[in-house]
Every structure is written in structure tokens, then in C-alpha cells.
Amino acid sequence: AQSVTQLGSHVSVSEGALVLLRCNYSSSVPPYLFWYVQYPNQGLQLLLKYTSAATLVKGINGFEAEFKKSETSFHLTKPSAHMSDAAEYFCAVSDVGTGGFKTIFGAGTRLFVKA
Amino acid sequence: SQTIHQWPATLVQPVGSPLSLECTVEGTSNPNLYWYRQAAGRGLQLLFYSVGIGQISSEVPQNLSASRPQDRQFILSSKKLLLSDSGFYLCACRGGHGEKLFFGSGTQLSVL
Numbered sequence: 066a067q068s069v070t071q072l073g074s075h076v077s078v079s080e081g082a083l084v085l086l087r088c089n090y091s092s093s094v095p096p097y098l099f100w101y102v103q104y105p106n107q108g109l110q111l112l113l114k115y116t117s118a119a120t121l122v123k124g125i126n127g128f129e130a131e132f133k134k135s136e137t138s139f140h141l142t143k144p145s146a147h148m149s150d151a152a153e154y155f156c157a158v159s160d161v162g163t164g165g166f167k168t169i170f171g172a173g174t175r176l177f178v179k180a
Numbered sequence: 040s041q042t043i044h045q046w047p048a049t050l051v052q053p054v055g056s057p058l059s060l061e062c063t064v065e066g067t068s069n070p071n072l073y074w075y076r077q078a079a080g081r082g083l084q085l086l087f088y089s090v091g092i093g094q095i096s097s098e099v100p101q102n103l104s105a106s107r108p109q110d111r112q113f114i115l116s117s118k119k120l121l122l123s124d125s126g127f128y129l130c131a132c133r134g135g136h137g138e139k140l141f142f143g144s145g146t147q148l149s150v151l
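Chains as they are written, first to last, in the numbering used here: chain A, 66 to 180; chain B, 40 to 151.
Just to be clear, a hint being listed does not mean it is correct.
Calculated pairs, SDA-like style, for lysine to any residue (alpha carbon to alpha carbon, straight line, at most 20 Å) [unchecked claim]:
#, chain 1, residue 1, chain 2, residue 2
1, A, K179, B, P108
2, B, K118, B, P108
3, B, K139, A, L111
4, A, K167, B, N71
5, B, K139, A, Y104
6, A, K167, B, K118
7, B, K139, A, T120
8, B, K139, A, N126
9, B, K139, A, A172
10, B, K139, A, Q107
11, A, K167, B, L151
12, B, K139, A, F128
13, A, K123, B, R107
14, B, K118, B, R107
15, B, K139, A, H140
16, B, K139, A, L113
17, B, K139, A, T116
18, B, K118, B, L151
19, A, K167, B, I92
20, B, K139, A, D160
21, A, K167, B, K139
22, A, K167, B, N69
23, A, K167, B, S104
Part of the chain A face toward chain B, derived, beta carbon under 7 Å [stated by the list, open to error]:
#, residue
24, P105
25, Q107
26, L109
27, T168
28, G171
Since the hints were made in silico from the structure, they are not lab data.
Just so it is clear, CB atoms sit at the ideal spot from N, CA and C, and this is done for glycine as well.
Build the full structure now, drawing on both the sequences and the hints.
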């Protein structure tokens with residue numbers, strides 16, 4: 066069964082600093098991997114996805130993530146944090162199950178950006 | 040692209056009362072539909088998913104049930120709410136050949 070582990074429930078960075086949010090996955094088949102962002106009291110929006118093409122995936126708002134099969138990781142990065150990046154970020158893995166396509170989410174990492 | 044309508048936005052219900060949350064989808068046909076619950080600090084837990092009318096898969100045993108009476112309608116229900124049912128409920132949709140999920144704006148349920 067698939068699972069996702071996000072290291073660190075809270076991450077705090079200064080504005081302009083590097084953002085690194087960690088995600089490790091477990092999957093018995095080549096996975097589809099995603100990062101979603103959630104702003105307060107809203108649903109989730111897709112930041113980026115990996116679907117077995119390029120291992121370095123670029124998403125919206127300057128975020129990118131690198132798929133490393135040997136490390137079973139899919140860490141999210143952004144070179145320079147902006148105040149508007151403060152939100153909760155979820156890593157997710159999908160595959161096809163007997164009942165259809167399922168997406169399993171990590172516990173989330175809340176990103177704080179200090180001025 | 041898909042649009043998901045989810046209501047109500049907030050709901051306060053007493054313990055033991057029934058629940059019905061509705062989700063409707065526009066912009067796609069025959070979507071895969073999902074109910075997730077988000078509890079504080081626990082991420083998103085997949086509750087139910089459906090690949091078609093009348094087809095429901097349950098991920099975790101619980102006090103809730105789901106139904107899909109129409110192609111683009113997904114309902115989450117309970118006969119008697121428990122305190123532990125409190126949380127933020129999100130409906131999601133996957134349509135066409137995409138792997139991406141589209142989410143509704145969520146329902147904050149407080150059971151008192």
C-alpha cells in the first residue's frame with residue numbers, strides 16, 4: 066500500500082531564504098507524486114506533479130520538486146521564500162487500485178515565512 | 040476544467056444528529072469522486088471514493104457513509120454524529136485522463 070511521510074509538521078523560514086519541504090513515499094509500483102498547497106479555510110490546489118517524465122518537476126509560484134527513486138523522496142523547494150508562500154503543503158502519492166485511482170496524502174507541513 | 044460545489048461551508052451539529060453534505064461537479068462527465076476529512080495536524084484522510092453511479096469504496100471503517108445518486112453528485116451522510124466526526128471535509132474530483140485532483144472549498148463540521 067502507498068504511504069507518504071512528510072518530515073516536519075512546521076517549517077519556518079525568513080523571507081528570501083530557501084524553502085525545503087521534505088517528502089518520502091512508499092509505493093509498490095512507479096508512483097505518481099504530487100504537491101498541493103492549502104491556504105486557510107480553502108480546498109487544496111495543485112502545485113506540481115511527477116508522472117514518470119522528467120525527474121525535476123517545475124510547478125507554479127516558483128516551486129519545484131525532484132523525484133529521487135533511490136531515496137524514495139520527492140522534496141519540494143523554492144529558492145527564495147515570499148510572504149505569500151505561507152500556507153500548508155501536502156505531499157501525495159497516487160496509484161490505481163481495485164476501485165479506481167486513489168490519492169493518499171501526507172500529514173502536511175505548515176510553512177511560516179518571517180519578514 | 041472541473042468546478043466543484045460543496046456546501047455548506049460551515050456546520051455546527053449536536054451529537055447524535057444526522058448529517059448530509061453534498062458535493063456537485065461541473066465541467067466533466069463520469070468523474071472519480073472522493074471525500075476526504077482533514078483533522079487538525081493529521082493531514083487528509085481518504086474516507087470514500089467512487090468511480091461511478093452507485094459505486095462506493097470505503098477506505099476506513101467509521102460512522103459515515105457515502106452515496107452517488109447521479110454522475111456528478113456525491114453525498115456524505117451520517118445517521119448519528121459523534122464528537123470525533125468533527126473536522127474539515129473536502130470533496131474532490133478527478134476527471135478525464137488526468138491524475139490531478141480538483142478540490143471543493145470544504146465544509147468545517149463541528150459536532151458539539
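Structure-based check of each hint:
Only pairs whose Cα atoms come within 20 Å are accepted, and K179/A paired with P108/B is rejected, the gap being roughly 48 Å. The straight-line distance between the Cα atoms of K118/B and P108/B is roughly 18 Å, inside the 20 Å bound, and the hint therefore holds. Taken as a hint, the K139/B and L111/A pair is honoured in the structure, with Cα atoms around 7 Å apart against an allowance of 20 Å. Simply put, K167/A and N71/B have alpha-carbon atoms about 9 Å apart, close enough for the 20 Å limit, and the pair holds.
At roughly 18 Å between alpha-carbon atoms, K139/B and Y104/A fall within 20 Å of each other, so this suggested pair holds. Only pairs whose Cα atoms come within 20 Å are accepted, and K167/A paired with K118/B is rejected, the gap being roughly 26 Å. At most 20 Å may separate the alpha-carbon atoms for a hinted pair to count; K139/B and T120/A meet this at roughly 18 Å. Distance check on the hinted pair: K139/B and N126/A sit about 17 Å apart at the alpha-carbon level, within 20 Å; holds.
Pair hint K139/B plus A172/A holds up; C-alpha atoms about 19 Å apart against a cutoff of 20 Å. For the hint linking K139/B to Q107/A, the alpha-carbon distance of about 17 Å falls within 20 Å, and the restraint holds. Of the supplied pair hints, the one linking K167/A and L151/B is violated, its CA atoms being roughly 32 Å apart against a limit of 20 Å. Annotation: proposed proximity of K139/B to F128/A holds, straight-line Cα distance about 17 Å (limit 20 Å).
About 36 Å separates the Cα atoms of K123/A and R107/B, which puts this hinted pair outside 20 Å; it is violated. A hinted pair counts as satisfied when its Cα atoms are at most 20 Å apart, and K118/B with R107/B qualifies at roughly 17 Å. As the CA atoms of K139/B and H140/A are separated by approximately 18 Å, the hinted pair is consistent with the 20 Å bound. Distance hint between K139/B and L113/A is fulfilled; the C-alpha atoms sit about 9 Å from each other, no more than 20 Å.
Our distance criterion of 20 Å between C-alpha atoms is met by K139/B and T116/A, whose separation comes to about 10 Å. Simply put, K118/B and L151/B have alpha-carbon atoms about 16 Å apart, close enough for the 20 Å limit, and the pair holds. Distance hint between K167/A and I92/B is fulfilled; the C-alpha atoms sit about 17 Å from each other, no more than 20 Å. Under the criterion of a C-alpha separation no larger than 20 Å, the hint pairing K139/B with D160/A is consistent with the structure, at around 12 Å.
Distance restraint check for K167/A and K139/B: the Cα-Cα separation of roughly 11 Å lies within the 20 Å cut-off, and the hinted pair is therefore satisfied. Using a Cα cut-off of 20 Å, the hinted pair K167/A and N69/B holds, with the two alpha carbons roughly 16 Å apart. A C-alpha spacing of about 18 Å is found between K167/A and S104/B, which places the hinted pair at or below 20 Å, so the restraint holds. Hint status for P105/A: violated, given a least beta-carbon distance of 11 Å to chain B, over 7 Å.
The beta carbon of Q107/A is positioned within 7 Å of a beta carbon in chain B (closest approach about 6 Å), and the interface hint is therefore held. At a threshold of 7 Å, the smallest CB-CB gap from L109/A to chain B is about 5 Å, leaving the interface hint in force. Proximity of T168/A to chain B holds as hinted, the smallest CB-CB distance being about 6 Å (cut-off 7 Å). Taking 7 Å as the C-beta contact cut-off toward chain B, the hint placing G171/A at the interface holds, the least distance being around 6 Å.
In this structure, the earlier hints numbered 1, 6, 11, 13 and 24 are contradicted, and the remaining ones agree with it.
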